[in-house]
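Protein chains: 2
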Amino acid sequence: MVNWFWRRRNRVDAPRLRPRSQVTAASTRVDLAELTPDALSFLGHAAYVQLTIFENLSRVIANAPTTEAKAALSEAAARSLDTYQALVAEIEREHGDVGAAMRTDAPDIDRFQRFTQGNDWFESLITCYVTAGFLDDFFLRVAEGLPQPVGERVTAIFTAPRGEKQLAELLSAAIAANPRLGARLALWGRRLVGDTMLVARAVLRASDNHDSDEARIEPVFSEVIAGHTRRMDALGLTA
Amino acid sequence: MVNWFWRRRNRVDAPRLRPRSQVTAASTRVDLAELTPDALSFLGHAAYVQLTIFENLSRVIANAPTTEAKAALSEAAARSLDTYQALVAEIEREHGDVGAAMRTDAPDIDRFQRFTQGNDWFESLITCYVTAGFLDDFFLRVAEGLPQPVGERVTAIFTAPRGEKQLAELLSAAIAANPRLGARLALWGRRLVGDTMLVARAVLRASDNHDSDEARIEPVFSEVIAGHTRRMDALGLTA
Chain F
1 MVNWFWRRRN RVDAPRLRPR SQVTAASTRV DLAELTPDAL SFLGHAAYVQ LTIFENLSRV
61 IANAPTTEAK AALSEAAARS LDTYQALVAE IEREHGDVGA AMRTDAPDID RFQRFTQGND
121 WFESLITCYV TAGFLDDFFL RVAEGLPQPV GERVTAIFTA PRGEKQLAEL LSAAIAANPR
181 LGARLALWGR RLVGDTMLVA RAVLRASDNH DSDEARIEPV FSEVIAGHTR RMDALGLTA
Chain V
1 MVNWFWRRRN RVDAPRLRPR SQVTAASTRV DLAELTPDAL SFLGHAAYVQ LTIFENLSRV
61 IANAPTTEAK AALSEAAARS LDTYQALVAE IEREHGDVGA AMRTDAPDID RFQRFTQGND
121 WFESLITCYV TAGFLDDFFL RVAEGLPQPV GERVTAIFTA PRGEKQLAEL LSAAIAANPR
181 LGARLALWGR RLVGDTMLVA RAVLRASDNH DSDEARIEPV FSEVIAGHTR RMDALGLTA
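Chains as they are written, first to last, in the UniProt record's numbering: chain F, 1 to 239; chain V, 1 to 239.
Treat the hints as calculated values from the structure; they're not laboratory data. Computed from a prediction, not measured in an experiment: that's the story for all the values here. A few of these clues could be false.
No copy labels: a pair is met if it fits in one copy or bridges any two.
[To be verified] List of simulated lysine to any residue pairs, SDA-like, C-alpha gap at most 25 Å:
#1 Lys165 <-> Ala78
#2 Lys165 <-> Gln85
#3 Lys165 <-> Arg230
#4 Lys165 <-> Glu34
#5 Lys165 <-> Ala33
#6 Lys165 <-> Asp211
#7 Lys165 <-> Arg216
#8 Lys165 <-> Asp97
Take these sequences, add in the hints, and give me the full structure.
Take a look at the structure:
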């Protein structure tokens with residue numbers, strides 16, 4: 001695990017609760033443009049990540065203990081699939097091949113999926129909640145460095161309504177009924193951050209200067225982790 | 001296994017290829033109205049069946065061998081989720097509780113899902129293709145007995161575009177590359193019919209007269225099996 005990862009970890013202890021709108025309009029704006037890949041690479045990565053989030057949600061639906069939970073989660077799965085299909089439409093607009101565009105980073109993303117699977121239904125559920133929110137926020141920031149008009153359209157895709165509320169409600173109810181579950185999910189939520197950061201930054205294109213790259217990425221992750229802290233806080237859990 | 005099931009089986013040897021539009025406009029129209037459940041029971045059953053089809057599709061996406069296959073299957077999953085959500089909207093319009101409406105027949109439908117799972121990826125894929133098509137056709141017929149205007153809206157739901165084409169293309173390509181796979185999938189496709197018929201007819205409300213019930217159901221299954229034969233034929237397989 002590289003060094004920036006630990007530096008991020010420490011930040012988690014000082015939660016800065018900011019709604020997403022403020023995260024994307026922070027005054028200390030950091031420019032990721034130099035590290036931004038071409039649009040097709042970004043779209044292929046983001047589409048395959050979204051498909052992975054959708055697969056995770058689907059597994060959680062299939063294993064849901066009640067028809068009520070299935071119904072609530074289906075909403076989140078539908079929104080995730082909307083996002084995926086909107087990204088696919090952008091790939092096609094760029095004259096890209098969807099399968100090929102997604103293939104490039106598939107091994108990294110598949111590994112991310114394996115590592116973040118969770119050991120039971122609740123861990124899988126909080127994985128959906130935490131990683132989807134984190135990656136949405138991160139991709140929104142990366143989208144700022146994309147050429148126009150595709151950058152604007154990608155921003156619209158990642159600010160469209162999500163299923164976050166339904167997931168938070170299911171998790172909150174379960175945690176309220178079983179405080180020990182909360183402690184375990186807080187731990188799992190913390191573990192997820194490392195793998196999610198790795199799969200997020202894998203979309204960026206490194207320059208020759210490792211130090212300046214890290215200096216650019218670090219403040220973006222600080223912002224995105226603030227969003228993560230807010231999401232955990234919404235469940236009554238410490239990030 | 002009851003008697004009508006075997007009678008259906010024999011019919012399969014005499015394929016009558018009719019497009020869906022003709023199936024639903026057959027001249028020898030049989031009335032299922034007396035066996036039709038109330039709208040809420042129908043909608044709860046159909047919604048949970050659709051969620052099961054969606055779950056099966058999602059599992060097939062998660063295990064797909066290529067990003068191209070994942071992309072093609074996502075289209076079918078999206079359409080399935082659209083259907084599910086449209087049925088949920090109808091449940092809400094009838095002032096029903098979605099979780100409760102789906103719960104009634106959930107054990108039967110879960111058992112159907114287990115029995116039709118398939119032993120590998122291709123069997124799971126043809127399960128999605130065969131069962132979705134069969135149940136769509138059957139529910140379309142049942143919808144004719146629902147009160148208006150809900151019956152009309154349900155008909156619109158089940159005649160909306162599906163992902164059948166994408167599934168057929170994936171299956172045809174795999175069968176063309178491996179004839180032995182075709183023989184195995186023909187067998188599996190035949191096995192699916194029994195369990196699919198059972199879960200289909202479970203939505204109906206039996207009267208006191210078993211014989212007249214069967215006499216009403218039998219011709220409807222004949223029509224729906226003609227659709228099944230057509231779908232298998234589209235893959236170059238004998239039903």
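Hint check:
no., hint, verdict
1, Lys165 <-> Ala78, "both (14 Å within a copy, 21 Å between copies)"
2, Lys165 <-> Gln85, "both (21 Å within a copy, 17 Å between copies)"
3, Lys165 <-> Arg230, "within (13 Å within a copy, 43 Å between copies)"
4, Lys165 <-> Glu34, "neither (34 Å within a copy, 42 Å between copies)"
5, Lys165 <-> Ala33, "neither (31 Å within a copy, 41 Å between copies)"
6, Lys165 <-> Asp211, "neither (38 Å within a copy, 51 Å between copies)"
7, Lys165 <-> Arg216, "neither (31 Å within a copy, 46 Å between copies)"
8, Lys165 <-> Asp97, "between (33 Å within a copy, 19 Å between copies)"
Hints 4, 5, 6, 7, counting from the list given before, are not met by this structure.
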